[in-house]
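Student: Heads up: the protein sequence lines correspond to chains A and B, in order.
Per numbering that gives the first Met the number 0: the first sequence = residues 0 to 483.
Per numbering that gives the first Met the number 0: the second sequence = residues 0 to 336.
None of these hints come from the bench; they were simulated from the model.
Ideal Cβ positions, reconstructed from N, Cα and C, are used throughout, including at glycine.
It is possible that part of the hints are untrue.
What the hints assert, rightly or not - With the C-beta cut set under 8 Å, the calculated list includes, among others, these residues of chain A facing chain B:
#, residue
1, Ala78
2, Gly89
3, Arg93
4, Thr96
5, Asp99
6, Trp100
7, Pro108
8, Val110
9, Ser464
10, Pro466
As the list claims (entries may be wrong) - Pulled a few chain A residues facing chain B out of the computed Cβ check, cut under 10 Å:
#, residue
11, Asp85
12, Ala95
13, Met98
14, Gly102
15, Arg103
16, Arg106
17, Pro107
18, Asp111
19, Ala112
20, Leu113
21, Ala115
22, Glu463
23, Ile473
24, Asp475
25, Phe477
Claimed, not checked - Simulated restraints, written as ranges between beta carbons of each label pair:
#, chain 1, residue 1, chain 2, residue 2, range
26, B, Pro121, A, Glu463, 24 to 32 Å
27, A, His470, B, Thr190, 27 to 35 Å
28, A, Glu463, B, Pro50, 33 to 41 Å
29, B, Gln242, A, Asp7, 39 to 47 Å
30, A, Pro108, B, Ala147, 21 to 29 Å
31, A, Ser471, B, Pro76, 38 to 46 Å
32, B, Met79, A, Gly89, 32 to 40 Å
33, B, Glu14, A, Pro108, 18 to 26 Å
Spelled out from the first residue to the last, the chains are:
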Amino acid sequence: MSHPETLDRLIRRVAKQVRRRRIEHYALRGAFWGSLLSVLLLVVKGPLDEWALPLAAGALVLGAVAGALWGGLKRTSVADAARLADRAWGLEDRVATAMDWVGRPGRPPLVDALIADTLQRVERLEPRQTARRLIPRDGRLLPIPLALAVVLALAPAIPVPSGRLPDFSLGGEEEPQEARAGSPLTDERARPAARDRLKPHSFEERDFATRGGGTGAAMSGDLTAVFKDTALSGQRPDFQSFLKKGDERLKLLEQADRLPDLQSDFTASQYKMMFRKSKSLSGGLRPDQISPQKLKELLEEMERLGRKGGANWQGDAAEGMEALEGGEPDRALQAMQRALDKMRAQDEASRSGKNLKGGRESQRGAGGRDRGAGDGGAYEDQDFGEGEGLMPGRGRSSSPKGEATQRLRGNPYDVGVEGESRRGRKDGYDTNMTGRGGQMGSRLQYLGVVGQYRKMMEDAIARESIPRDFHSQIKDYFQALDER
Amino acid sequence: MTQDARVQDFITSFERLRAEVEKVIVGHREIIDHVLIGMFAGGHVLLEGVPGLGKTLLVKTLAEGLELSFSRIQFTPDLMPADIIGTNIIVEDTDGRKHFQFQQGPIFAHIVLADEINRATPKTQSALLEGMQEAAVTVGGASRPLPAPFFVLATQNPIEMEGTYPLPEAQLDRFLLKLRVRYPAIEELNTIIDRTTQAQAVTVERVMSGARVLAFRELIREVPIADHVRALASTIIMATHPQWEHAPEVSRRFIRYGASPRGAQALVLGAKVRALTEGRFNVSIEDLRALAAPALRHRIILNFEGEAEGVDADTLVAQIVEAAEAVIAQGKEAFLR
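My request is simple: use the sequences and hints to build the entire structure.
Tutor: This is how it looks when you write it as structure tokens:
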């Protein structure tokens, strides 16, 4: 028996509605991705010239059409359509069941009654939308790229970076190379990479962190820089030594107030600050796009610093301000650059490897590295000999840790186990002790058994599905046993 | 008789029987419906509830409404298997010769009320097992069939656990449905008081014979079920198993063992009866939802965490059904698949 015409018609009607919804759904998705492509095309519309707009519009339309085609070509199964019809008209799975059973051979007689009942109900159905409109997430976001595309279409073309950085120096003042002659860094700078040639030397950022004052070739971020002015700078980490008495480096790091003040050394210099400000002022802009107001603020700041420290760049800063007020930004920039160069020169003159030695320590004068010895042997500053230190039973420490036998009474579990170890097997439950300790077997057995049960408990908690809320209760119970 | 007429006959008979029971039992419409569903589906029903809610009365009234034999077994700790299934006794014939004769136990009835079934020892409880599953008992090496239709209705009290023997899972699984009898509402309580404290004798009419019950059982098995509805039933059963790859989080967390294939049979058979009582010729998803809790609540064994947190089996089943529908729908609108 073929599908009754009425049911077929219903299924076709539902499938048609589904197809329409799918077309909408996938067209929206396609339009979204097409609009993203349009935005991309409009961003680079400069090079594309008059082709940008048609291409963008084409991408949008193409995306929508491709989506619609994809949705339209997808097949709707009879079962899905039947289920949708049942759901839409509240037919309680009659259509789906009838469609399932109508073609089966040897179907029970009740199926005919079902089909008849379903047909009767289907014929009375009012036309209705079976598949609700489902707007995809992409579709909900579609207005954003569309609006962006419209804005980009109306706006002038975005200039594409040419790959050449703006030249602020104008005068092309040479950097005084002799100031760093002979240092490894100078050698590196003497052979700038091809890309660096585009960059004016005057605006090069220097990596002060890598300026090695000591012997090691310290890398950026390497902690050896911290120890460069200490006696540890030349020592290699020694694991054996660490085991015996602790790594001196770690000890040094623990004493934070004795470390060189890296922040003040490397980041808080006036030159560095000014350099960053000037870079942020001019970065990515042409000289004519520099804000005069910001340039003025920068020059004022330089002048203020110069006035405060009696430095030699004060004049240049003042000259720059005058030039700015006179409407000569180029001259103002030149003056700023000169002042910046002088600041750098002064900064480098005041900085040397030796300066790292002090930091906060040097500011305190005598309260430096030798303070421990001077204080008459404070604990953390003791210099332990070989084989001595903080390990229990070693060293001259007055802390509770010391000779193990001396600590016996310090632990409540040790009470009552004093005695001498007897010969023979030692892994039994008894005390293996003679004397007074040997008479206290029951206590030690109890402790041993509790330990075993605690381990079993921990295994059980890890292995079996015990509610988390009970974990703490169980552990508390064993904790209570332990404290006995 | 046309199919429509057969179905109409079933609906009429079902409603008449329900009406007869409701002459005595106030409220509990859902419980009565489910008891009848269990009977027409050919299964057995376990009624759980605190004393005094009318469980025993419900079963007695149902037996009165059917032209079927009825026996009641009050389960006690000293009840023996022979007390249920019967035993061979020595009888003397007219010639004075003695021989063994099988004395049938109370299980040889169409409707058996096993009252407070959890009070008997497991040995005695298990005497019911063969009868419930095979509709036959074996005594002295001879298998004796039980009358058809054979329908066991058992009751148990969930709160008084002292001196009881909770039914083992194997025996619980043999009950098609487990129903929870709840307290009546206040209006129903007023009616109960009026009906039971006045001198009005209620007579229950016999409205259905055993043969008709058997005929209806055949009709019920003819009800078609769509593939996607059957798939949902299977998915619900699978979703009760914590080891299943698509098992919902609640199953993984609270269930030790899930429902057996008998659970799926109970679910679908019960749904078929419900479909016919609703005047439908097919099983719908709604039928599965309605029957999921009574068919599965006793087939799900909670793990320690589930027991410790007092997880309600009905809530768990509802969540599992929801999760199973999500698995079937694959989280997408049907038309997008």
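Student: If a hint holds in the structure, say so; if it doesn't, say that too.
Tutor: Consistency of the hints with the structure:
no. : hint                              : in the structure
1   : Ala78                             : 7 Å, holds
2   : Gly89                             : 10 Å, violated
3   : Arg93                             : 6 Å, holds
4   : Thr96                             : 4 Å, holds
5   : Asp99                             : 5 Å, holds
6   : Trp100                            : 5 Å, holds
7   : Pro108                            : 5 Å, holds
8   : Val110                            : 5 Å, holds
9   : Ser464                            : 6 Å, holds
10  : Pro466                            : 5 Å, holds
11  : Asp85                             : 8 Å, holds
12  : Ala95                             : 5 Å, holds
13  : Met98                             : 8 Å, holds
14  : Gly102                            : 12 Å, violated
15  : Arg103                            : 9 Å, holds
16  : Arg106                            : 7 Å, holds
17  : Pro107                            : 4 Å, holds
18  : Asp111                            : 7 Å, holds
19  : Ala112                            : 4 Å, holds
20  : Leu113                            : 4 Å, holds
21  : Ala115                            : 8 Å, holds
22  : Glu463                            : 8 Å, holds
23  : Ile473                            : 12 Å, violated
24  : Asp475                            : 17 Å, violated
25  : Phe477                            : 19 Å, violated
26  : B/Pro121 <-> A/Glu463: 24 to 32 Å : 27 Å, holds
27  : A/His470 <-> B/Thr190: 27 to 35 Å : 51 Å, violated
28  : A/Glu463 <-> B/Pro50: 33 to 41 Å  : 37 Å, holds
29  : B/Gln242 <-> A/Asp7: 39 to 47 Å   : 43 Å, holds
30  : A/Pro108 <-> B/Ala147: 21 to 29 Å : 23 Å, holds
31  : A/Ser471 <-> B/Pro76: 38 to 46 Å  : 41 Å, holds
32  : B/Met79 <-> A/Gly89: 32 to 40 Å   : 55 Å, violated
33  : B/Glu14 <-> A/Pro108: 18 to 26 Å  : 23 Å, holds
When the structure is compared with the earlier hints, violations turn up for hints 2, 14, 23, 24, 25, 27, 32 and for no others.
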